[in-house]
Amino acid sequence: MTTVSPERSVPINTIQITEKAAGKVKQFAVDKGMDKFGLKVAVKGGGCSGLTYVLEIVDGPEADDKVIVYHGVEVYVPKKAFVFLAGTVLDFSDGLNGKGFEFANPNAARTCGCGTSFSV
Amino acid sequence: MQASSLIHADSLQLDALENGCGLVRWDRATIVKHSGPDALDLLHRLTTNELLAIGEGRAQRTVLTTDRGRVVDVFLVAHVSENQLLLISDSEDSERTISAIDYYTIIEDAELADLSGSHSRFSLIGPKASTVVKSALGVDVGPGQLAVVESAGASITVISDPSRGVDWIDIVHEYDAGDAGDSIEALFESSGIVAVSPATFDLYRIGRGIPAPDREYGEHANPIESGLLDLIEFDKGCYVGQEVIARLDAYDKVKRNLKVLESDEPLEAGAALHLPGGSKPAGTITSTSPLTTEDGVFLSLGLVRKAFLGSGTVLESDRITLRVRQGVFSLSTGEM
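Protein chains in written order, with my numbering: chain A, 1 to 120; chain B, 1 to 336.
Hints in this document: simulated from the structure, not taken from any laboratory. Since we're looking at a predicted model, the values are computed, not measured. Possibly wrong hints are sitting among the right ones.
Calculated pairs, PhoX-like style, for lysine-lysine (alpha carbon to alpha carbon, straight line, at most 25 angstroms) [claimed, not checked]: (1) K80(A) - K32(A); (2) K306(B) - K253(B); (3) K236(B) - K99(A); (4) K306(B) - K80(A); (5) K255(B) - K306(B); (6) K80(A) - K66(A).
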């Protein structure tokens, strides 16, 4: 999981996942034997830069989650985390040099070396 | 300055701090209740020290830094009971600490409550502190341990904190309950302790090189140069500011050290330090005391550039000559 600079314009009232990332999420869910699933995308305190991304495949949203659907995958974002993620694109990078899931977060003013945390 | 105008520190109070037990009252201190199943894990992810290992009944002091490695606050995390923590800081600005932790509380199940206005804190300092606590409250509290006892009609939290390099026990209790506060202090006073004035405590603190908020540490300094190295666990993994602090340490990039300064005249906090003759800047004075030791020496603390540190280093500030002391010594006996 890492952070990259946003390469394209994304409406700031949503977050997007690319088709490749959505496909990877579906693959993980199938591997886990889940019929009903969604991707929880959140932020928690911690990490070198203060805020750390959270990615988790879950079986449904929580009460306060914002629900967004892209490429057949439901994305659940806790309301308090959304302010840090608005406008983000979630991609997946594979291959020998791949880094796994990548966040292009326009709110991230600074990221740590390993890319798992950021500050705004 | 003429010797006759020197104000010596109270020798009885200094002796209690050095050889017995002194009671230091905190008129204002940060006392915060941090509760919830995620509270300890959150603080572990945010601050410099290893906190997941402290079980119930134990305490550990830690540093909250910015993402650029500057100090926000230093506080004691007391694991009082399951999902209940007490955070205690020497800072008078509880709002700064609370808002910093609250900013990072996003999906965590944790709540903060400021008890600074409703609770009182005093500290028992000196080699006989734990003996005094046992005599007054009937509890043994070893280094890094805490106990909650009911006495004088109040619930009293007793926490031993060895992180300043001296015997130090914090006592926290709720204000109200009529005369309960006075009764609690009276419990200890009958055990032979000596009440220490803020000025005498400050001289003791300076002589021991114990850093204080908004003087030695704050957003003007990183925790390594501020004398807080022992509160940093370098093997714990990520926390806010970890990348910067690890780099400072690994590449020896810390440019200043906290040092005790001796002079024959009083210095001014915030004043610049220079090499003799005012040739090169050598640091900043962070704390001073109007009191002197028994032999008429004024003590100060300063962040001194490492390049100019050496045994017997002599510096100047506003044309006053001062010496950089190596190590700490007893203020009451004058012995190293």
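Going through the hints against the structure:
1. For the proposed pair K80(A) and K32(A), the alpha carbon gap of about 28 angstroms is over 25 angstroms, so the pair is violated.
2. Among the hinted pairs, K306(B) with K253(B) is consistent with the structure: their alpha-carbon atoms are about 10 angstroms apart, no more than 25 angstroms.
3. For the given pair, K236(B) sits about 24 angstroms from K99(A) by alpha-carbon distance, which is consistent with the 25 angstroms threshold.
4. Of the supplied pair hints, the one linking K306(B) and K80(A) is violated, its CA atoms being roughly 44 angstroms apart against a limit of 25 angstroms.
5. Between the alpha carbons of K255(B) and K306(B) the distance comes to roughly 6 angstroms, so the proposed pair stays at or under 25 angstroms and holds.
6. A distance of roughly 10 angstroms separates the Cα atoms of K80(A) and K66(A); the hinted pair therefore holds under the 25 angstroms criterion.
The earlier numbered hints that this structure contradicts are 1 and 4.
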